[in-house]
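My request is simple: use the sequences and hints to build the entire structure.
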Amino acid sequence: DAKTTQPTSMDCAEGRAANLPCNHSTISGNEYVYWYRQIHSQGPQYIIHGLKNNETNEMASLIITEDRKSSTLILPHATLRDTAVYYCIVRSHTGANSKLTFGKGITLSVRP
Amino acid sequence: NAGVTQTPKFQVLKTGQSMTLQCAQDMNHNSMYWYRQDPGMGLRLIYYSASEGTTDKGEVPNGYNVSRLNKREFSLRLESAAPSQTSVYFCASSEWNPDHEQFFGPGTRLTVL
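Read top to bottom, the protein sequences are chains L and R.
Going by my numbering, the first residue of the first sequence is number 1, and it counts up by one from there.
Going by my numbering, the first residue of the second sequence is number 1, and it counts up by one from there.
Read the hints as simulated data drawn from the structure, not as lab findings.
Since the model is a prediction, treat every value here as computed from it, not as a measurement.
Careful: at least some of the hints might be erroneous.
Straight line, CA to CA, 27 Å or less: simulated DSSO-like cross-link-like pairs of lysine-lysine [said to hold, decoys possible]:
1. Lys71/R with Lys57/R
2. Lys9/R with Lys104/L
3. Lys3/L with Lys104/L
4. Lys52/L with Lys104/L
5. Lys104/L with Lys57/R
6. Lys57/R with Lys99/L
7. Lys99/L with Lys71/R
8. Lys99/L with Lys9/R
9. Lys57/R with Lys3/L
Anything over 12 Å on all C-beta distances counts as not near chain R; from chain L, calculated [to be verified]:
10. Gly29
11. Arg68
12. Thr83
Every residue, glycine too, gets a C-beta built ideally from N, C-alpha and C.
Spelled out as structure tokens, the structure:
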């Protein structure tokens, strides 16, 4: 069973914010939301993760709704190099659900 | 630091042939992983090694074996390759604490004819 659902694709203009949505309505209290991305043909790259508070780092911001059933990854100023597949992953930090399970992700295309 | 390195980058095999994919990391990580990625799909975990001397099955282990040679190296072996094993194989490493990110290698593109 998929733990997350993401749109198949989206695009945004270079320099604008890219807001990537993710639904995880069955998330458990001890499960975190992780985001990875995969630029064409390369290995995935970690972006950010969070439990219930919003998080920000040098790459992106993660906004998690109060009920934790959905989240949004924000790339504040998208560049052409941000064109990639973005994976939203729900995982716990203990037990059988601590593995990274990749779905199909969302393909973000940044246009000039 | 080279991070996670994988060899070879490309390989073509005939059905029934065997080969070993090599992976090494220089970040002193305890945990290492092997994934496969089929076209248009996400990554699926084949095997992982939480620490030196231990290995465990992931989601799709059939047809594969692994060896954690030492803390740095984790190899994946196909004893009798099948066309269904045509895929891109990624190795990754991390600290065992899941709060730490996984670092991925560049991948090995394997075609089985």
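Okay, which hints does this one fail, numbers in order? Nothing - there is no hint that the structure violates, so all of them hold.
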